[in-house]
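Chains as they are written, first to last, in the working numbering: chain A, 1 to 71; chain B, 1 to 157.
Worth flagging that the hints you see were computed from the coordinates, not collected in a lab. Hints may be right or wrong, so weigh each one.
Listed below are several chain A residues computed to face chain B (Cβ distance under 7 Å; list not exhaustive) [stated by the list, open to error]:
#	residue
1	P15
2	G16
3	A17
4	N20
5	H57
For each label pair, taking beta carbons as the anchor points, the in silico distance ranges come out as [said to hold, decoys possible]:
#	chain 1	residue 1	chain 2	residue 2	range
6	A	K64	B	M135	38 to 46 Å
7	A	V43	B	G97	32 to 40 Å
8	B	R23	A	Q35	36 to 44 Å
9	B	E2	A	E39	36 to 44 Å
Note that beta-carbon positions come from the ideal geometry of N, C-alpha and C, so glycine has one too.
If you want the building blocks of each chain, they are given just below.
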Amino acid sequence: MIYKVSYVVLGGRHPGAIVNRDTPPRLGEVVVLGQDRFEVVEVTDLIPPQGDFAYLHVTLRPLKGKKPKGR
Amino acid sequence: MEELTELLKRSDLFCGLAEEDIRRLIAIGHWATYNADETIIREGDPSDELYIIQKGMVEVVVPHGTVPDIPGPPEATPVVRLGEGQIFGEMGLVDRGGRSATVRAVMDGTTVFILPRDAFYTLCDQSHTIGYTVMRNIARDLSFKLRHRNLRVVAGW
Chain A
1 MIYKVSYVVL
11 GGRHPGAIVN
21 RDTPPRLGEV
31 VVLGQDRFEV
41 VEVTDLIPPQ
51 GDFAYLHVTL
61 RPLKGKKPKG
71 R
Chain B
1 MEELTELLKR
11 SDLFCGLAEE
21 DIRRLIAIGH
31 WATYNADETI
41 IREGDPSDEL
51 YIIQKGMVEV
61 VVPHGTVPDI
71 PGPPEATPVV
81 RLGEGQIFGE
91 MGLVDRGGRS
101 ATVRAVMDGT
111 TVFILPRDAF
121 YTLCDQSHTI
131 GYTVMRNIAR
141 DLSFKLRHRN
151 LRVVAGW
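With the rest of the complex left out, here is chain A (with noise of 0.2 Å):
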């Protein structure tokens, strides 16, 4: 199963992402976009499968900090 996820990030100041993954997002994961890191608050289906396909929405809080550099 391939799973396109639709990140948001709370607070509106990174424009989210819409990325695939081929394992599911879960709750308290942390999650880099960029040079940026974020946690997983929120987890939910946005439309229901189809084929290999999953289709999850994901609500991020940003965390301070930016990636360790070499990561």
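Given chain A's structure and the hints, the job is docking chain B onto it.
Chain B alone, transformed into the frame defined by chain A:
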């Protein structure tokens, strides 16, 4: 060819298509690679191609005033980032209007598969299965993006 087919199967644009149909789509397209901050398409330009991100990430930027229900700053504003497997340029493929946004690469080596509209429409005329399936998948993608935008409004601009 097999590797390309497997890569494109990771985009839901091709969901529901047989491998032979995907190979026919690959045959009419081409690839391009961009560096970070390089513009791929520019708002207002004529639109005659659909793009599928094979590697990297892009940022979609709209000029001020084009998203009336989202109060944004007075300058051009990034509205979403798109990663591997996502498509952009689909509005122009469907409605033949000008580009509604500027799209630029976020990462060096961002690689896209480009599907020319005229060749795609010719293929759709030859195979209604390909045409119906891809157009249905484009509609689902547009719906997904609209739902993403609505949730973003709720989250607070």
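How the hints compare with the structure:
Using the Cβ-Cβ criterion of 7 Å, the hint placing P15(A) at the interface with chain B is satisfied: the shortest such distance is roughly 4 Å. Hint status for G16(A) relative to chain B: holds, with the closest Cβ pair at about 6 Å, below 7 Å. A distance limit of 7 Å between C-beta atoms decides the matter here; for A17(A) the minimum to chain B is near 4 Å, and the interface restraint holds. Because the smallest distance between the Cβ of N20(A) and any Cβ of chain B comes to about 4 Å, under 7 Å, the interface hint for this residue holds.
Because the smallest distance between the Cβ of H57(A) and any Cβ of chain B comes to about 6 Å, under 7 Å, the interface hint for this residue holds. Our hint of 38 to 46 Å for K64(A) and M135(B) holds, since their Cβ atoms are close to 44 Å apart. Separated by about 35 Å at the C-beta atoms, V43(A) and G97(B) satisfy the suggested range of 32 to 40 Å. For R23(B) and Q35(A), the hinted distance range of 36 to 44 Å is satisfied, since their beta carbons lie about 38 Å from each other.
One distance hint, 36 to 44 Å for the beta-carbon pair E2(B) and E39(A), holds here, with the actual separation near 39 Å.
Every hint, counting from the list given before, is met by this structure.
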